[in-house]
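**Student:** Order-wise, the sequence lines are chains A and B. Under this note's numbering, read the first sequence as residues 218 to 336, first letter to last. Under this note's numbering, read the second sequence as residues 218 to 336, first letter to last.
Incorrect hints may appear among the rest.
Because identical chains cannot be distinguished in the list, a pair is counted as satisfied if it fits within a single copy or across any two copies.
Said to hold, decoys possible - List time: in silico DSS-like cross-link candidates among lysine-lysine, alpha-carbon distance up to 30 Å:
hint, residue 1, residue 2
1, 290, 329
2, 329, 268
3, 329, 235
Hints listed in this document are in silico derivations from the structure and should not be mistaken for laboratory results.
Protein chains: 2
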Amino acid sequence: LNIGYHYIWDVHGCEESKISYEAFVSNLLYEIVGLLELSEVKSAFKQFQPKGVTGFILLEESHISIHTWPEHKFAAIDLFSCKPIDTSSLEAYLLQSLNATHITESSIKRGKAPVSYPK
Amino acid sequence: LNIGYHYIWDVHGCEESKISYEAFVSNLLYEIVGLLELSEVKSAFKQFQPKGVTGFILLEESHISIHTWPEHKFAAIDLFSCKPIDTSSLEAYLLQSLNATHITESSIKRGKAPVSYPK
Numbered sequence: 218l219n220i221g222y223h224y225i226w227d228v229h230g231c232e233e234s235k236i237s238y239e240a241f242v243s244n245l246l247y248e249i250v251g252l253l254e255l256s257e258v259k260s261a262f263k264q265f266q267p268k269g270v271t272g273f274i275l276l277e278e279s280h281i282s283i284h285t286w287p288e289h290k291f292a293a294i295d296l297f298s299c300k301p302i303d304t305s306s307l308e309a310y311l312l313q314s315l316n317a318t319h320i321t322e323s324s325i326k327r328g329k330a331p332v333s334y335p336k
Numbered sequence: 218l219n220i221g222y223h224y225i226w227d228v229h230g231c232e233e234s235k236i237s238y239e240a241f242v243s244n245l246l247y248e249i250v251g252l253l254e255l256s257e258v259k260s261a262f263k264q265f266q267p268k269g270v271t272g273f274i275l276l277e278e279s280h281i282s283i284h285t286w287p288e289h290k291f292a293a294i295d296l297f298s299c300k301p302i303d304t305s306s307l308e309a310y311l312l313q314s315l316n317a318t319h320i321t322e323s324s325i326k327r328g329k330a331p332v333s334y335p336k
């Protein structure tokens, strides 16, 4: 069973003002959805006080989320897609958009069962 | 920097009827949020036709999501929490609730930068 890939990006050294408020952060997430040609189903965002944003876009292909910690200049993004996507341009896009210094990427193949388990 | 853990569960061999419709699936996600003493911010779910559900609950502590593929008896769940949580009982809970045969768990520590990168 191969359902798709779950990508996880930890973005370090972000410019604090860029990850502090909902308008910029939600726009970033929608930009990524557009870049990767994904399809929105529903979304939700929350502005934390005084700074910090959490948000989620539910996709036809699964989901993308972002959570930011401006005090740590840190943003956590994950994307799970059951459609094959090319994420090769995303790291450069995130570094530039958030004026960040460093990204750690992880990916996990979803749906892979090592063996068949009898019930 | 230690932001928290991102847990990923692939649940195989689910009883098809349990992962087909929104009512049961959304209730399951809320049960998990209750069990782990997490706090809801907002949520969204979508019923696919004829079967299959996708949904998430945005949390004060980050998020939890579920996506189901009844035709594969498969459910994909992920939970990102910036608060330490004890997930030890969750595997048994999921196996029982979904009448599933097998779970694969992965966890990723978020926010861990290997080295400091100068800008």
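**Student:** Compare the structure with each hint and give your call.
**Tutor:** Structure-based check of all given hints:
1. In this assembly of identical chains, residue 290 and residue 329 lie within 30 Å of each other by CA distance solely across copies; the values are 13 Å between and 34 Å within a copy.
2. Within a single copy, residue 329 and residue 268 get their C-alpha atoms only as close as 39 Å, which misses the 30 Å cut-off; across copies the closest is 21 Å, which meets it.
3. When the C-alpha separation of residue 329 and residue 235 is checked against a cutoff of 30 Å, the pair qualifies only between copies, where the shortest distance is 21 Å, while the shortest distance within a copy is 37 Å.
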